[in-house]
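K.L.:
Residue strings, one per chain:
4 protein chains.
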Amino acid sequence: MPEHERLRGIFTPNIVPLDNCGEIHEPELRRYVDWLIDRGVHWLYPNGSTGEFTRFTAEERRRIIEIIADQTEGRVPILAGAAEANTRETIRACEYYCELGVRAVAIVSPFYYKLSPEGVFAYFKEIADHSPVDVTLYNIPMFASPIDVPTVRRLAEQCPRVVAIKDSSGDLPHMMRMISEVRASRPDFSFLTGWDAALMPMLLIGCDGGTNATSGVVPEITRKLYDLTLAGQIDQARDLQYRLLRLFDVMLYSAEFPEGFRAALRLRGIQTGAGRQPKSPSQQLQLDALARQVQCLLAEEGFTDEPVGGCPTLL
Amino acid sequence: MPEHERLRGIFTPNIVPLDNCGEIHEPELRRYVDWLIDRGVHWLYPNGSTGEFTRFTAEERRRIIEIIADQTEGRVPILAGAAEANTRETIRACEYYCELGVRAVAIVSPFYYKLSPEGVFAYFKEIADHSPVDVTLYNIPMFASPIDVPTVRRLAEQCPRVVAIKDSSGDLPHMMRMISEVRASRPDFSFLTGWDAALMPMLLIGCDGGTNATSGVVPEITRKLYDLTLAGQIDQARDLQYRLLRLFDVMLYSAEFPEGFRAALRLRGIQTGAGRQPKSPSQQLQLDALARQVQCLLAEEGFTDEPVGGCPTLL
Amino acid sequence: MPEHERLRGIFTPNIVPLDNCGEIHEPELRRYVDWLIDRGVHWLYPNGSTGEFTRFTAEERRRIIEIIADQTEGRVPILAGAAEANTRETIRACEYYCELGVRAVAIVSPFYYKLSPEGVFAYFKEIADHSPVDVTLYNIPMFASPIDVPTVRRLAEQCPRVVAIKDSSGDLPHMMRMISEVRASRPDFSFLTGWDAALMPMLLIGCDGGTNATSGVVPEITRKLYDLTLAGQIDQARDLQYRLLRLFDVMLYSAEFPEGFRAALRLRGIQTGAGRQPKSPSQQLQLDALARQVQCLLAEEGFTDEPVGGCPTLL
Amino acid sequence: MPEHERLRGIFTPNIVPLDNCGEIHEPELRRYVDWLIDRGVHWLYPNGSTGEFTRFTAEERRRIIEIIADQTEGRVPILAGAAEANTRETIRACEYYCELGVRAVAIVSPFYYKLSPEGVFAYFKEIADHSPVDVTLYNIPMFASPIDVPTVRRLAEQCPRVVAIKDSSGDLPHMMRMISEVRASRPDFSFLTGWDAALMPMLLIGCDGGTNATSGVVPEITRKLYDLTLAGQIDQARDLQYRLLRLFDVMLYSAEFPEGFRAALRLRGIQTGAGRQPKSPSQQLQLDALARQVQCLLAEEGFTDEPVGGCPTLL
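Chains as they are written, first to last, in my numbering: chain A, 1 to 315; chain B, 1001 to 1315; chain C, 2001 to 2315; chain D, 3001 to 3315.
No wet-lab data here; the hints were simulated from the structure. Note that CB positions come from ideal geometry on N, CA and C, so glycine has one too. Some clues are possibly wrong.
In silico lysine-lysine, DSSO-like type, Cα no more than 30 Å apart, as pairs [as the list claims (entries may be wrong)]:
#, chain 1, residue 1, chain 2, residue 2
1, D, 3125, B, 1114
2, D, 3114, D, 3279
3, A, 279, D, 3279
So, partial list: chain B residues that the calculated Cβ filter (under 8 Å) puts toward chain C [to be verified]:
#, residue
4, 1058
5, 1114
6, 1116
7, 1121
8, 1279
9, 1280
All chains should be built: construct the whole structure from the sequences, respecting the hints.
P.N.:
Quick look at the structure:
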């Protein structure tokens, strides 16, 4: 078994700024990387779901990692999303990202086709056996084939390269079941939650950190929530978790994912550009309303001014 | 708005012991009531899902409350499941249980037909407007029409009689959303979790207690978990929550609900009798295997001896 | 194996008219029975989902069968819904309905608790082994535990009393799979579809009939669709199926089930009374709009006048 | 509105043969194209789900269409799957496939992210407004964002380029609802079913054809089923549909899709090679058992010999 520290902390799945032509906006992406590191995120996590990895070409996904690795210059470690069309292409991406110096890769469970647990196991086993860099499993059952508890256990037991799981199900007992099954035999294995709405309780029951889309927008809050929880300041942490939940819900449920996060990031001064998924006129109106609502929440936290016309008084 | 204390603590949804003819075993039910109270549960909660209310006749459901109210003699308050075939019958049950002295009734959301939020609202509104006793909403989306957050809020605002919700979804952010929406305007409103697997984190984010099937089998553990969590002893509470989860999972997932709980209760010395749902030979074999597994877990906790032949060594 | 004719034809799941006090309106129920028989339905099917069996008390369910058996006087056979709180109560209902002269009973799969296939099998086996009257399985997976294909096969093989299945899933290949598995060894076994939207294609792939809620409202159409399909007049049948679908969809999806059917039945001159499920003001408004829409569809078919103000011209 | 014939017939979604290195086996793909055309399929449909479009790179997807267009030489029209990472890439693929002479492209609804109906509409609208070739919508709700009936109607009304929908839900009333909403205003719009299990009833209620994975393995049967149904020979068509269902179910449910189809195709003499999704040893054993079972079914139809050791006698 490998001897290493568990992956820990706040992992930020970054949105990729686009220019007016819809191409990767490299200078703004570099500026955004600095902005995030300055605000205390522990890791960068490009090519995640928030990063819309499926909407970029294979070449663009590589370019994103190149830019981020270059700009980060080792200030924080990188967890690079590396899933490609099939295991061979994915392993090639792992090799390339390894050369670029990333600390680990994250591989989402197979999607489109819904695979059985046995198929999910075979997929990750093949990749883990050939990857030159540590692998984080990525379970997001609303989008991809679920990775069930026995499969996590088998992979943890048979694949030293697999060092963590990122779980975006938000199901707390499910997380506890995974920790129960794996931690004793793999004390180096990390458990990360991708569900910002439950970050505090997830940390309290034993998670090592979070891969949280909110940390790309309000890194100050997500990081502080992490610190307060680890310091055992439960009352303050709970209060902050409730405020983060409100922000998370507005950004997540009022628009197609991740448009709400993109709109909010714009309010923080990052020139995100428009996303690649077309929007109908009524969707654009919804998004404007959402931006206003987010601005009020950000203003409450002191990150922006209130929108013109002011904000409703809270209950 | 009514001025009263929030409902708090561990609410035990009791199984109903049956005799050899399949009838309610009154002496054993009385003995079980004493056994539970002696072990520290704060409330009794008859005619819940664990109590298999749907498998008894309307007359039997009334008889169960009569026996429990009589035996309890006010030592602990009673939350009585009161759902009947339609609102008129339900209101009559509320009236009768009120006369018997129960502190509140619990009404499960309409089941069989899946109602819209508007239908769920109209149903509870009608009952709350006519019940002479406080009403707890009971949300169990795997079995009954879901009660969504806006509906909880509307009912809390319009119905002073509605004083609590029991939520068995196990969804922690959902619980936080309900608390967010209701607590400010109804500080007397209680939030109870019916998902034993998440009791500790649910309490930590603001729940007032739990209606937990495990508390009918190992009341000592569920109660201790509650006390440790409220005392802020997070590390010990977490450890106990993991042990309770193991027991809960075996009892819940290895047999048709609530057969696993019934089998476990037998190991604690309560003569539960057989349930009313027929079992095939292969189901009976499964149940025997489950009982053995539960006995090992109970033996670890010091509640029983190990089964003949011993138990596997844990990891 | 029993030698008997397969159950065939259109089975009408009747709504139960209620009086102003919400009690069973016996004279109107009797009039409705005659009305249905006069319009050509082959069977009556009281205490089904359309008949809201769960919203009546056990006593009322018996009374409904008494009235219908008495009024029918053998003009058409009766399939009586007989599910009660547990197998013992259900078997007693089977015995009573047998005495009343029903041709068969229909037993819905266990609901509220979601049982495994093994549990579903054990439940029906117990009932079939003790029922003095033929049993129809009732599969309605949106409301009750699903009855899967292997379970239907096991029950058909082991229980001569089980003579049919009513399937309301609307899943055509599922119906074909059941027929494939059972017909060779049980040529006397009937397959009935409860999904009016697919009646014609279901008959064409081998179903013996339908238990169709629309036949309680427009018995003329449902019966004619059955006759045209059996006569091989595919083009006319298809046209009628499309018209029935439009009516079915409006009644099913524009209100809580079965309120749309009740509203439509009122337009046919049956005094249904209000249902037992409370309605909010906004639900009442929706229902009024639905009634208007249904009236236009009924007027097109020549069953009623157009509503005051007329109907929109169809595309 | 464009004046053209509706797309009709059997569309074959072809598997792509791979060589020992896992690369596209061009000579075998060419031989397979001829084999299919010789056996009477009306259309070829490369880069569908059966063709595992997601497991090839963007370059490989283009190469597949090049080979098939070249080999087909206009003997049958081509429907080319053209979905790429985003709308811009997809439109470029449409342009290229247009140059290659395909009759239409098929675009699967957005997957991974689950989009709202509004998002699905905006996506297809953008593509349809810029594609130089006719577009078929592809609805496969088990894998991708569902395309609901109002969205199909809006697209049919606003986009003359959208000329058909391929629906793989297998939901017959859903197909009827789409036909109801669209056919009157767009008589040139085609409805194709991707659910082989219901091909005959789908044709009987008005579908124009099928995109059926079985037609890549037993084109003789799928084509004959189409012909019999259109000729009104219902009894023979029904019999064949039941036999096709048996084959379809074995290939679909006994292995990860499309491994069962690949294994069966090998039995027909096409050198498919192994798929790109890794298989565990237990999956390989399952696949061997499936191949044996398929061989028995193919032998019954006269396409192969029975496997060594013979086949079980059917009921």
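K.L.:
Which hint numbers does the structure go against, in order from smallest to largest?
P.N.:
1 and 3
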